[in-house]
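Chains as they are written, first to last, in my numbering: chain G, 1 to 395; chain R, 396 to 704; chain W, 705 to 961.
Mixed in with the good hints there might be a few duds.
Taking lysine-lysine and the DSS-like style, the derived pairs with C-alpha atoms no more than 30 Å apart in a straight line are [what the hints assert, rightly or not]:
{"#": "1", "chain 1": "W", "residue 1": "LYS951", "chain 2": "R", "residue 2": "LYS584"}
{"#": "2", "chain 1": "W", "residue 1": "LYS795", "chain 2": "W", "residue 2": "LYS740"}
{"#": "3", "chain 1": "G", "residue 1": "LYS30", "chain 2": "R", "residue 2": "LYS696"}
Some chain R residues flagged as far from chain W (calculated, every beta-carbon gap over 12 Å) [claimed, not checked]:
{"#": "4", "residue": "ASN409"}
{"#": "5", "residue": "GLU514"}
{"#": "6", "residue": "GLY518"}
{"#": "7", "residue": "LEU535"}
{"#": "8", "residue": "LEU589"}
For the record, the hints were derived by calculation from the structure and aren't laboratory data.
For glycine and all other residues, C-beta sits at the position ideal for the given N, C-alpha and C.
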Amino acid sequence: MIKRKKEKQNNNPFYDSTLKKRHASAARFKKFTLTSLLFSIAFLSFFLFDIVGKAIPAFKVAYIQTEVTFNEKSLDDTRFAVDKKYRDLVSRAWLRDIPSLLKENPNFMNTTITTWVLADDQVDQYLKGHHHKLKENEITFVENLLSQGLIENKFNAIFFTKGDSKIPEYAGLYSAIVGSVLTLIITMMVAFPIGVMTAIYLEEFSSDNKFTRFIEININNLAAIPSILFGLLGLAIFINLFGMPRSSPLVGGLTLALMTLPIIIVSSRAALRAVPDSIRQAGYGLGLNKIQVTRDHVLPLAFPGVLTGSIIGLAHAMGETAPLIIIGMIAFIPDAPTMVTQAATVMPAQLFTWAGMPEGMYIEKTAAGIVVLLTILISLNTVAIILRKKFEVKW
Amino acid sequence: MSTFESRKRSRELNEKLIKLALISAATISILTTFGILFSILFEAIEFFKLRSFWYFITGATWSPGVIGSQFGALPIFAGTFVITIIALGVAIPVGLGSAIYMSEYASATVRDYLKPLLEILAGIPTVVYGFFAAITVAPLVVKIAEFFGLEATFNSALASGVVMGIMIIPVISSLSDDVIRAVPDSQRKAAFALGMTHGETIKNIVLPSAMPGIISASLLGLSKALGETMIVVMAAGLRPNLSWNPLEDMTTVTVTIVNSLVGDFEFNSPETLSAFALGLILFVVTLILNMISLSLIRKFKEKYKVNTL
Amino acid sequence: MIENDNKTKIAVKNLNLYYGVNQALFDISANLYENKITALIGPSGCGKSTFLRCVNRMNDLIPIVKIDGSIIIDNKNIYDKDVDEVSVRKKIGMVFQQPNPFPKSIYDNVSYAPLKHGIVKKGRDCDELVELSLIKSGLWNEVKDKLNQPGTSLSGGQQQRLCIARTIAIKPEVILMDEPTSALDPISTEKIEALMLELKQDYTIITVTHNMQQAARVADYTAFFHLGKLIEYDETQTIFVNPHNKKTEDYITGRFG
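Excised from the complex, chain G in its bound form (with noise of 0.2 Å):
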């Protein structure tokens, strides 16, 4: 055998022993790459696993079927409106609403109406199977309640029309999503057209000077600091040196409106560039000054890769944390603001408060809100590469 195989490299003059070991090296080094992507792309796959695993239990939540009473008793004290075995068992923040239930159906007084009523989050947990509080009584009449079909677990539309809460089940993301719509929509307002208007001007109207470059290396700086910073500078500034309001979604915009400016800037700028230079000298061609030919020729060529980079800044900006913890954005909001200088919070801050909150349904509640923030950043992404690709005009 092994004198065949040295037959065999005799007739080769092309075989070379020492090359056996390069090639493994080489295949080793190509080996170790690979497996790095595939950590990143393994990662990947792990995580959001693991965050819809955890979330899609928060989609849905336990409702009992029970008597409630509608008199003054109950009225004065809304915890009577159950029956005293239901009374652990139900929400304590549904109860609560039982007289704004009554202003809607005054017909409901002095009667015992059967109705679903949400259970309180210890219920909820101890029937998803996650950690629980509930005593061995009440576990023995859950499973009943259970057994005769006077449980369901409901579609958790709470989550998406109530705001925060300190009870748990009653905790939903709808303060938290009109906070972040107000705060981006400041953001957008400022940030937009004062990085459009700096394209503009470094690309179309600017040469190539001390001030240009200075611009420029001030861009490149903002981009690179960290986002905690510009909560310091919101603190200092617009909260302790204009007095504006804190927690509002005005300061929040207005700091995360100087967050984003680099990205619309640089994003706006490549638009313009792309734009080739014919069009412009075309213009100049018909006697049109720079102004003309900028407003009515370049920028409406340039627009598509305008939005787009501006809804990859808003993306970016609704995600954003951290400098928003700084100017006070997560205090305990409960009910949707309603200006931009009232107190707020945002989604992703909210999502904080909550992964620090003890009770166990938060974590669920949280990893949904993760999943609603996840979708909108996506669709959002979507629709700008969507974007990008349709008015993709090959010059």
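Please arrange chains R and W on chain G, whose structure you already have, making use of the hints.
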């Protein structure tokens, strides 16, 4: 004045106003940088009027909120250092390895799918990473440590460091991928023609040429790690701890900044102002790292006459 | 075929090459002779560079390339399954159109490959090999005092001679040259042509050139390619003075290309 002249005058005025508006917009970025610098500097100076700068840099006891409160930030710097090193220890090998595979080995279709996938890692909000670090990774670290007979806290530096590293992977891989592809193909051809394997070509010819860009990417990653807040606020500890053990809890500059500001202290107390002192250090260090990184990239661009970076 | 006393170094038999579905080389057969300079000429896109790259299996680096046929060197088809392409390239060196020295010192440019292949070890053996290679490529006197300078600090012509030196350093038997002087000035071109004439004593040289005068000056044999086919292959004298094929004549007289 004829209508022609008056129209020309108003048009010129219009042009001047528009130009003024554009320049004003552009100066806002300058104002912002200086605004950050001066507001932080001003408050930091107020802090250093109350407490010693030297002790701040070198002292090992950080105990706010008590009579005779001391503000020695050394354990905080140490904690930041440990967690950052762990993060880079994950991000640089994985990021560089991924970049090499995508730019040198992967086919075009594979590359088209995998590159955006890595970009997704960059788009995940840090609060989400923080949640994952605190709820999933930290307990996992405790379990794994137990398996090896070691003891890890639920706020281990390892947990937040690893997750931070994963967050930084796209920073390293994206820029490294760009610089590796910018190395001219003629160099690779020369190496192959001399009888080098692909691995040898990459290790001895491509990577050394791309090194300034790779270092630049690493510095950017370092800068990002230093400034990262949410992951460490949610998963790392609050206790300044001067230790090298990654299984222990320790705190960072960014966590301390947050803590100093959400307390109940007066704005002009040393407790609150210490946040600005730490902010100043963070600002200066990240600024220096950023400038070095940019100049390295600029040199690389000049050398290979690239415009794609 | 040509009758002569020459020893065949490279025997090409029915070589076909495809880029995906597009065929680029059609049934090429020729015997390339040892210690001679063979020039490959033809209009742009005729396949002469593609053919050249087949000889040291550089086309293998392009994924969509498919090769049919054989190239036999030292009685072995280099496209056989048991032939390592890396070892082929040790025996068959290549110099490119654009000089491409590594961003290393002049010394390291020359010593890199021999050290990697284990031809010499670091130290005196290596120094001697570097010196010998630089002498043979006619560059030694110009760089002997600045071996530590980067290879890229040399002029274009010097860089190309450095590339030749680093190719010689791995002790190949064949040197392939892909338009080695088209990016250089006339004086450097002259130096390199003189170098080629010297080198042929020790190496077999195949050179692609779009400059017919160059082929006439240096080549012993010339092969004329057109649209992926080998039209005519003969002694250079014959090709230029008395070509057998009309297409060859048209090209030589400048009717096309």
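Evaluation of the provided hints:
no.	hint	in the structure
1	LYS951/W to LYS584/R	violated (33 Å)
2	LYS795/W to LYS740/W	holds (16 Å)
3	LYS30/G to LYS696/R	holds (27 Å)
4	ASN409	holds (53 Å)
5	GLU514	holds (25 Å)
6	GLY518	holds (32 Å)
7	LEU535	holds (41 Å)
8	LEU589	violated (4 Å)
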